[in-house]
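Colleague: Dock chain one against chain two, each of which comes alone in its own frame, and use the hints as you go.
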Amino acid sequence: MEITLTLNGNKITASVAPDTVLLDFLREHGCASVKCGCETSGCGLCTVFLDDKPVLSCSVPVVRADGHKVTTLEGLQEEAAEFIGFIADQGAEQCGFCNPGFVMNTIALLRENPDPTDDEIRAYLAGNLCRCSGYEGQTRGIRAYLNAKKEGRL
Amino acid sequence: MKQELKSVGKGVRKKDAMQLLLGKPAYVDDVTPSDCLVVKVLRSPHAHALIEEIHTDVAMRVPGIVAVYTYRDVPQKRFTMAGQTYPEPSPYDRLILDRRLRFVGDAVAIVAGENEAAVDKALRLIKVRYEVLTPLLDFRSALDHEILVHPEESWHALCDVGADNRRNLCAQGMESDGDVEQVFADCDVVLERTFHTKACHQAMMETFRTYTEIDTYGRLHVISSTQIVFHARRILANALDIPKSKIHVEKPRIGGGFGAKQTLVAEIYPAFVTWKTGRAAKMIYTRRECQIAGSPRHEMEVKVKLGADRDGTIRALDVHTLSNTGAYGEHGPTTVGLSGHKSIPLYTGSLEAFRFAWDVVYTNVESAGAYRGYGATQGIFAVESAVNELSEMLGLDPVAVRMKNMVKQGQIMPAYYNEPASACALDRCMQQCADAFDWAKKYPVRVTENGKIRAAGVAMAMQGSGISGVDVGSASVKLNDDGFYVLRIGAADMGTGCDTILAQMTAECMDCAIEDVIVFGADTDASPYDSGSYASSTTYVTGRAVEKACLELKEKMCTVAAELLDCPTADVVFCGREISRADGTASVSLTDVANKSMCRNNIALEATCSHSSPTSPPPFMVGMVEIELDRETGTVEVLDYHAVVDCGTVVNPNLARIQTEGGLVQGIGMTLYENIQYDERGHLSENSLMQYRIPTRLETGRLHVSFAPSYEQSGPFGAKSVGEIVINTPAPAIAHAIYRATGRWYRELPILPEHVALGDTVK
Numbered sequence: 001m002e003i004t005l006t007l008n009g010n011k012i013t014a015s016v017a018p019d020t021v022l023l024d025f026l027r028e029h030g031c032a033s034v035k036c037g038c039e040t041s042g043c044g045l046c047t048v049f050l051d052d053k054p055v056l057s058c059s060v061p062v063v064r065a066d067g068h069k070v071t072t073l074e075g076l077q078e079e080a081a082e083f084i085g086f087i088a089d090q091g092a093e094q095c096g097f098c099n100p101g102f103v104m105n106t107i108a109l110l111r112e113n114p115d116p117t118d119d120e121i122r123a124y125l126a127g128n129l130c131r132c133s134g135y136e137g138q139t140r141g142i143r144a145y146l147n148a149k150k151e152g153r154l
Numbered sequence: 155m156k157q158e159l160k161s162v163g164k165g166v167r168k169k170d171a172m173q174l175l176l177g178k179p180a181y182v183d184d185v186t187p188s189d190c191l192v193v194k195v196l197r198s199p200h201a202h203a204l205i206e207e208i209h210t211d212v213a214m215r216v217p218g219i220v221a222v223y224t225y226r227d228v229p230q231k232r233f234t235m236a237g238q239t240y241p242e243p244s245p246y247d248r249l250i251l252d253r254r255l256r257f258v259g260d261a262v263a264i265v266a267g268e269n270e271a272a273v274d275k276a277l278r279l280i281k282v283r284y285e286v287l288t289p290l291l292d293f294r295s296a297l298d299h300e301i302l303v304h305p306e307e308s309w310h311a312l313c314d315v316g317a318d319n320r321r322n323l324c325a326q327g328m329e330s331d332g333d334v335e336q337v338f339a340d341c342d343v344v345l346e347r348t349f350h351t352k353a354c355h356q357a358m359m360e361t362f363r364t365y366t367e368i369d370t371y372g373r374l375h376v377i378s379s380t381q382i383v384f385h386a387r388r389i390l391a392n393a394l395d396i397p398k399s400k401i402h403v404e405k406p407r408i409g410g411g412f413g414a415k416q417t418l419v420a421e422i423y424p425a426f427v428t429w430k431t432g433r434a435a436k437m438i439y440t441r442r443e444c445q446i447a448g449s450p451r452h453e454m455e456v457k458v459k460l461g462a463d464r465d466g467t468i469r470a471l472d473v474h475t476l477s478n479t480g481a482y483g484e485h486g487p488t489t490v491g492l493s494g495h496k497s498i499p500l501y502t503g504s505l506e507a508f509r510f511a512w513d514v515v516y517t518n519v520e521s522a523g524a525y526r527g528y529g530a531t532q533g534i535f536a537v538e539s540a541v542n543e544l545s546e547m548l549g550l551d552p553v554a555v556r557m558k559n560m561v562k563q564g565q566i567m568p569a570y571y572n573e574p575a576s577a578c579a580l581d582r583c584m585q586q587c588a589d590a591f592d593w594a595k596k597y598p599v600r601v602t603e604n605g606k607i608r609a610a611g612v613a614m615a616m617q618g619s620g621i622s623g624v625d626v627g628s629a630s631v632k633l634n635d636d637g638f639y640v641l642r643i644g645a646a647d648m649g650t651g652c653d654t655i656l657a658q659m660t661a662e663c664m665d666c667a668i669e670d671v672i673v674f675g676a677d678t679d680a681s682p683y684d685s686g687s688y689a690s691s692t693t694y695v696t697g698r699a700v701e702k703a704c705l706e707l708k709e710k711m712c713t714v715a716a717e718l719l720d721c722p723t724a725d726v727v728f729c730g731r732e733i734s735r736a737d738g739t740a741s742v743s744l745t746d747v748a749n750k751s752m753c754r755n756n757i758a759l760e761a762t763c764s765h766s767s768p769t770s771p772p773p774f775m776v777g778m779v780e781i782e783l784d785r786e787t788g789t790v791e792v793l794d795y796h797a798v799v800d801c802g803t804v805v806n807p808n809l810a811r812i813q814t815e816g817g818l819v820q821g822i823g824m825t826l827y828e829n830i831q832y833d834e835r836g837h838l839s840e841n842s843l844m845q846y847r848i849p850t851r852l853e854t855g856r857l858h859v860s861f862a863p864s865y866e867q868s869g870p871f872g873a874k875s876v877g878e879i880v881i882n883t884p885a886p887a888i889a890h891a892i893y894r895a896t897g898r899w900y901r902e903l904p905i906l907p908e909h910v911a912l913g914d915t916v917k
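Chains as they are written, first to last, in the numbering used here: chain Z, 1 to 154; chain H, 155 to 917.
Just chain H, same shape as in the assembly (with noise of 0.2 Å):
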């Protein structure tokens, strides 16, 4: 039922953004003492080897340096550094150090010492020799080769996920419904292609950081750029064999996270250093580091065979998945899944059947972990160019294609786990997006009077709202003095702005002012359970625990205003900034109440509650593309980019606007710069943001951005979500542009200049 809304809906301010633009501390290096250990990691130079001898005593005695830990120092229980519900789907294959080293830049040595200089002078003193191994770069053949990145015996998976280290396995499966072959056999076309996704990285501003200490209670206090401090908090406790009643985490704000920091990176070195030490210790990644040990994008290669009869009936999908988990198995089960349930599904309207199998593969390169888009992203590119390759084959209209097929609203979508479409606006998305892009006139190929060539491209896509029957959003909401609200949280507001949306939540659920909901959060000892922010969970999982804590407390505000009122409860309503009795002949303000709370009273005027989903409603988008494509240079160059969102009830459309346009840019930037190339040895040359090119304000072209809600029934004021999503769209709709414009499919990314100058689809 939808309701006239004061706070929810409205496009405010980000509570702390005049401070983070004026530069006030906030970040991890700002709010923590510089008088600690500086903690720095010794990397390996060989992408496979062994440790056969490591002298440290050399560097051990460069004055300042206080510690030096090796592969013989730490506790010898394997653990996942994955952000997961527990028990995570991510096997448990890693040590803190490990006498292993499984891709160039794992960790060989942990040096501690008094200032930089020392540390970097000591780390160029550990003497170490290394049994060189071949290592084993192509994923391709990585299932069953003979080369194993993880042939120890404690290696371990918690969850059935099909893994096997004795077959580099970090996961397998299939599932299907209806019979594919059948169904091709039935088809007038039949179109397999193949499609390769790479390692992109996050490369948010911050890089991975944390600061530690011991407090006043002998424990270990943890200060990190990080999206699950809970998650962080177990992830601790099994690395360094303590119980977790030893650990306390907390987030300040967050230089971006964008799923990097959904995996702990940083965390393990100085935690590990104050452990053992008992000194306040630092870890602060280079970029470098960032680059080459970080947890990029799954390296994905995407089969598609797409079965349709020559009106454009899409009619059967088989998805066959490939990943790259690299040295380490975080989100390798996961993230695979994604690449099949939220790209097939988006043809529920007329798929008669589909199948989709995936393996996820170790290698000896930097392990991969969870970036925005999670898999969805690898997997549309694929179905997504497939279906536009099917289109311009049969010479049909994409867009007609795809309102012919897509799902629509109330269809149930076998390939998403046989959940509904509770709430799906894609028809309008498409058809607001084709007028307002002016789709009929830009999809022919146009030649520009400088011999440049202006072509259109046009993709969807959906994503999930958190992850269904798992994830678990808690808000604890209290009346203070003067009738004001704090309201904590254990999600985290990476820059994002969850915690102004869920104080909008909050103000309207309480009809009071944005400005008189305090948020906090996230810490480990004073906030409620949440699995933290990532999966597109917040706005709509933690969003519906906010409403229902807020629910809880103005029963309790109502028994306290009661008694004030000398009224039967069943007699008073809440209304804001007061509780009256029903028949308006009296009432009490809120810091009437507030102050009652506060003396004689037995009623804690505080409420907490936590929310979990069945389902996980997809949002849903449309983005079109215009580039100009220089013929002589290769060029592509993106003119306007416009986006058509369906993220249900839209809760700030300010923020909604601009989580879609990062997300747009930095598709583009996967699709068009962001290259990730390894050398024969396993050296990875995109190691720093030289190389790595990430966007900038000249290369995003225009984006248009516009809102086709739906109302999602079972979340918050009818809000899905949005953050990952805005990222699905652009790598489809720029390469099918390219084509209309150069005849040629590009299905590995990026596409680079030189590809499209020398004609060169790689594949």
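If we strip away everything but chain Z, and leave its shape as in the complex, we get (with noise of 0.2 Å):
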């Protein structure tokens, strides 16, 4: 079936089959960023945005995004560009497969929550895995982030 969506800014028309999940359809649409990891809806990797809402793109039909906007991290590029020296200089990306998940999802919450305290911070991203930090290093980064924000250092 034909489908038309709005990928990163762009308008795109495609023929999908009917169970075609986001996450392949991304990939295949030049969007690397966006990982798989677990296939259960279980490990963040594969967070993306519809309508601007993260959502886990291996266990949403790409048909459900049919007349809808869809951003990957391709798509903001610049947003993340923001904070990521901060996740950089506790060396807490590591193996990296987790971040593109993860930097979405931190986006969406720094668009809800501006302010966050660390244990909202380890709330909102509980659904992101990430297996070589230990985590503590990724809340160390986006606090440092948002002391430089405050402290007018950005």
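Just so you know, not all the hints are guaranteed correct.
Not everything, but these chain H residues come out facing chain Z in the computed CB check (under 10 Å) [stated by the list, open to error]:
id : residue
1  : E360
2  : E546
3  : M547
4  : Q586
5  : A590
6  : A594
7  : T654
Pairs of lysine to any residue, SDA-like flavour, derived with a Cα cap of 20 Å [claimed, not checked]:
id : chain 1 : residue 1 : chain 2 : residue 2
8  : H       : K178      : Z       : G30
9  : H       : K275      : Z       : T20
10 : H       : K231      : H       : R254
11 : H       : K178      : Z       : T20
12 : H       : K178      : Z       : P18
13 : H       : K275      : Z       : D119
The set of hints was computed from the structure by calculation and includes no laboratory data. The structure presented is a predicted model; accordingly, all values stated were derived computationally and were not measured. Even for Gly, the Cβ is constructed at its ideal location relative to N, Cα and C.
Modeller: And the structure:
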């Protein structure tokens, strides 16, 4: 069937099989940042925005995106660039495979709650698994970014 | 000798950090073509069976199917998939496809097709008639059992590891020092305990995956998520029975390894398809495949007999480890060694005698492999728990007991291959940790207002730095135009940051900026030989190779500079961005030297050096945990975890800290969440990340990491290793805290809320 959606600002029309999931569609359409980690909606790696709301693209049939706006990290490079250096300063990116999903959900968090506490950060990102970092470095990185922003150091 | 350092010791960003955080294409599936054959494997539904009949004709007729292979199509030479130095200690017990199936998930057939839908359909249309055999699932009864996992004549072991396939034995051995029985007889107390750990999964976020194609030269080009490019080349050559010269292996960025990718898991299937069809192929493991047919930790039952005096002096240790290698022997003979070699020597300070014996058995469950800690984790859980039990039994403070008995710098460790604790700050780790944690205050059990119990636990750990006398690290350093360097390595950065820390070392040696060092690796055609990234070897072993190569390159650069400066080589000095005459009268820039090397020059401004160490200096650490335990629900919450690590010189404090935090959380997962359960037919329940619960960021507690560095003379800039040791303390420390809170010792992992709530100590 044919669907039309706006991917990272570009309107695209494509013919898809009804059982195609958004994750596979996005990777086929040049969005390599979208990663598959588990296939059971349990790891957060495939997080993208559907109409600006974070969703797990492994569990969204692409037909549900018909007529909607889909955003991946490819479309949010500048917004990500604002804070990811603080994650890198902690070394908390590590292998990097979970990073796009984690960065996407962090963007969603900061849009929703620009001044979260550490516990709010942990709660919001609880669905984003990371096997390398032990998570604390990621929290420290976000905290350092928020502090820098408050102190006008950005 | 300590020196003023400019690059080593700095918490610089990982060289690839920003690109990874921006989600740029970097991993196997991102950087290889998608218009290649999709490869999948039909997996055995039975834990033990023989294929009586297999029909692939219907499957072959599915449009888009290019090939279906069965056991009849593969070479009949057995090999091992363990990434180890040749001759591998792991027995040669595998075929690419075998008529005998040895675990649920074992490969029955390989299907290759133009698209995933066709391959999935063909998988369903392969008709197999199995002769279902009784599986051997209990590793405690596997030795000399009437059911044989490997009855085949072609099974063979390259090394004398005590293996005997007619006894289900993958390895067996014993070693000792002193007369343990005599010391036990003389001890005030002798405590005997049995501990059990399960086949935990690495659960790296990127599952196993490999792309293969035939290159311009007709060779098999393999792009894989692997820690071991050179071993992969040999294993593929063995499996396909083709010359190694026909294979080229490279790794792009790796989405985590933790040892899982020290074994070939996905590689052989697409490689076989490409070699047979000439077509490019790709295999991406599902998470389910990763769980049921991966390379997890060896399940172990560790019996500890500990002899001590009433004052807490630990005088004798007798450790027996029974290890379950599963259906195949990857890393079976070697992981087991660490369960004793990296637990017993912690008490070198007072031990008068030790004995360490082991059996490694085959069973019809998923084949085990290498996982961070590699046997040390299991052994340390047992021995450290036994020491905690002893301390509690004698009414002594377990911190004081350890201070009294621990290994000290300069001591020879009979239980650690008679190697010296050449650099050891374990005592400082303990003191520093006790102070930061406030052990004196937190050790006593407290009941909170809501009725929950707060309690504390402690454990020590050690590991190695590479494999003594075996591992080879190499580095090649080259000067380029403008005076920048390219460092080529065969070690694999799997997210840990070895590209960056080796660049820091290069920058230190060449007195240049870290940005002036480009790192390339790892590629079997282009990299100098390296055993690969495992056994905590890269910093210590490859790091030394970097130092050596830099020294040699500097000499060559000085020779070229001397020509330019028209003076003897002995009269020039290397000063980083330039090379000067010793008298200061003239100098040439690195750009001048590099340009000279490209015009009328006979001296290659490149140096390649290898390094292998006769010893494996252990890093040491101490971990202390405070938990809050809910008696009603049995829930154990980690509140604070303090860790103090002696990894020698800390090359990059940020990366060492993250390694430690990541290892602690994996250790917490192993202790409290990550379970492995087989049903009576040998099916694994925890076959997804829904069932196999790795910790989320709500379950880590607050982690507090610091360092108590010693200085290892034989290491690069005094460094040892950090990658593996960090997973070892949580299990014994948390089990200790749970005992403090409940009065019950849990000797089997994981310790789940139901066990705690029901007072079920299992054994």
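Colleague: Each hint should be assessed against the structure and marked as holding or not.
Modeller: Hints and how they fare:
1. Here the hint on H:E360 is kept, as its CB sits about 5 Å from the closest CB of chain Z, short of 10 Å.
2. Interface restraint check: H:E546 against chain Z, minimum CB-CB distance 29 Å, threshold 10 Å, status violated.
3. With a cut of 10 Å, the hint placing H:M547 at the interface with chain Z is violated, because the nearest CB-to-CB distance is about 33 Å.
4. Interface hint status for H:Q586: violated, as the beta-carbon distance to the closest one in chain Z is roughly 19 Å, over 10 Å.
5. Checking H:A590 against chain Z by beta carbon gives a least distance of about 16 Å; that is not within 10 Å, so the hint is violated.
6. Evaluation of the H:A594 hint against chain Z yields a violated restraint, the C-beta minimum of about 25 Å exceeding 10 Å.
7. For H:T654, the interface hint holds, the least distance from its beta-carbon to any beta-carbon of chain Z being 9 Å, beneath 10 Å.
8. At most 20 Å may separate the alpha-carbon atoms for a hinted pair to count; H:K178 and Z:G30 meet this at roughly 11 Å.
9. At roughly 16 Å between alpha-carbon atoms, H:K275 and Z:T20 fall within 20 Å of each other, so this suggested pair holds.
10. Taken as a hint, the H:K231 and H:R254 pair is honoured in the structure, with Cα atoms around 15 Å apart against an allowance of 20 Å.
11. Note on H:K178 and Z:T20: the hinted pairing is violated, with a Cα-Cα distance of about 24 Å set against a maximum of 20 Å.
12. Annotation: proposed proximity of H:K178 to Z:P18 is violated, straight-line Cα distance about 29 Å (limit 20 Å).
13. Proximity of H:K275 to Z:D119 is assessed by CA-CA distance (about 47 Å); at most 20 Å being required, the pair is judged violated.
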